[in-house]
Amino acid sequence: MKRYPKPPEGSWTEHYPELGTGPVSYESSISPEFYELEREAIFKRAWLNVGRVEQVRRKGSYFTKELAVARTSLIVVRGMDDRIRAFHNTCRHRGNKLVWSDDPRVETSGTCRYFSCKYHGWKYDLDGRCSHVHQEGEFFGIDKANYGLVSVHCEVWQGFIFVNLAEKPSQTLTEFLGPMLTAIDYPFQNMTERFYYRGDIRSNWKVFLDAFQEFYHAPILHGRQNPMMSKPEYQQAGFSALHFQIDGPHRVGSTSGGAGWLLPPDCINPIEGVMRSGLFGPWDTADIGTEGLSPGLNPGKKKGWGLDSFQIFPNFAFIIWEKGWYLTYHYWPTAHNRLVFEANLYFVPARNARERLAHELAATTIKEYALQDCGTLEATQMGLESRAISSFPLGDQEILCRHLNKVVTDWVDDYQRSRAEV
Amino acid sequence: MADALLPPQFSDLEPYAKMWCLATEAERYAKRLASTMNEMQAFYDALFPRAEEAIAYLEKFPLYDLPDDARRLLELLYSLIMVSFPVEIWRQPYIPDTGTSSFELKDEPVP
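Line by line, the protein sequences are chains H and V. Residue numbers for the first sequence follow the working numbering, beginning at 1 and rising by one. Residue numbers for the second sequence follow the working numbering, beginning at 1001 and rising by one.
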């Protein structure tokens, strides 16, 4: 395993002196009180990715998104004017959840011309206007113009739909994303073959996220299922990233990927050789519809680049792979020690069975790895909750975990300061 | 064979077709957890050496318009991928150290 050069300061962490190098506390991952603060300070103030434009392809296409962390449900819908809007999923009449089917706790999607409340039949246009009040004459001086759905700030970047629950967001989406992310111009829209995983896991959202933004654990926790990682020389050398970069609350880690196609047969599982695919995706380059490296990728301009793992604050990540596919992760807290974890893999639609099977192996492999992470992170949560230990050392390969820990604390501090000033 | 599930040149795999031609990942994962290692090893040993031939056969058809017998052969290959983890790596149906965590595929391409 190659060791890659570090910045002149001697480490990635010291390149960003505001991060410090001391041990960190994970009290923020075990405290119900801190979670209550995060809900207000972070999840009701940051831009949150709730999906992609391909989920609302046609006029009238919609989906609902349960945001337990904000105690709300949203409707995201493409209007007759083709604009994508978001609304709180609540009827203006008596507060019933407006759009759901069978089970009000489960997300749903579909296509319609208007929304109609199951309870008393009030109707809303796709742009949120109240269009019909059942037995309107029975009401007292009601003006439908004042009874539209409650809208939520909604903006689209690179086909990713973001919402902001603040009454008046302090930044536009572009300002929030900042220069590192907005430099990206990638043909996400051409990758419409999707595998969508969802898990319910008993760990804090940050404890879980941290495992997906460092690869230090990979040769150990996942060593057995990867013959290359289980080699003594790899185990000895461990993992070294190609590049780390921080921009505002966001961060990226770039690695050389895992060039399975270059490995000798004893370094791959037999199925990988047949399907020409594996954990790091298909071995053969997909035609993504654009030439050369897309703008914004490989931000460190490093030789031997294989993937970028972009971490968008607070709870969204996408990994873009050299071979022409990407995956997203979402970490949705449902309690201080529980989250819904979503993983989506996106490929250029397979042109034949061979390509489709390569996608299938990549998608199946993700589950084998992710379930091991799930078990381990429930164990981490239990260890932290024992409070037997209160501070934890983080290595240089864990710089992104250190950064998230700091950003969360900073946002909560900032929120508390602004409250104190009022 | 009138009731053959697979294309004629893969008739030797018919004994596995009834069990392992499953359309969704959820069915394949459930079948894996409900199978013994001996059952999965036998299926793997029968199909693995034929996998390249099966892929080459399927490549001749448009993916989104596969004849029924070819679609079943593709599903059989999906199941080969599913059992490859217990057979090649874990030596047990379950992924070790996963506790009671769930991680379910809610949406997948068809076929």
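These are calculated hints, taken from the structure and not from any lab test. Careful: at least some of the hints might be erroneous.
The calculated lysine to aspartate or glutamate pairs, modelled on EDC-like cross-linking and capped at a C-alpha distance of 16 angstroms, are [claimed, not checked]:
{"hint": "1", "chain 1": "V", "residue 1": "K1106", "chain 2": "H", "residue 2": "E193"}
{"hint": "2", "chain 1": "V", "residue 1": "K1106", "chain 2": "H", "residue 2": "D200"}
{"hint": "3", "chain 1": "V", "residue 1": "K1106", "chain 2": "H", "residue 2": "E107"}
{"hint": "4", "chain 1": "V", "residue 1": "K1018", "chain 2": "V", "residue 2": "D1003"}
{"hint": "5", "chain 1": "V", "residue 1": "K1106", "chain 2": "H", "residue 2": "E9"}
Since the structure is predicted, the reported quantities are computational estimates derived from the model, not experimental observations.
TODO: Provide an ascending list of the numbers of those earlier hints which the structure does not satisfy.
DONE: 5
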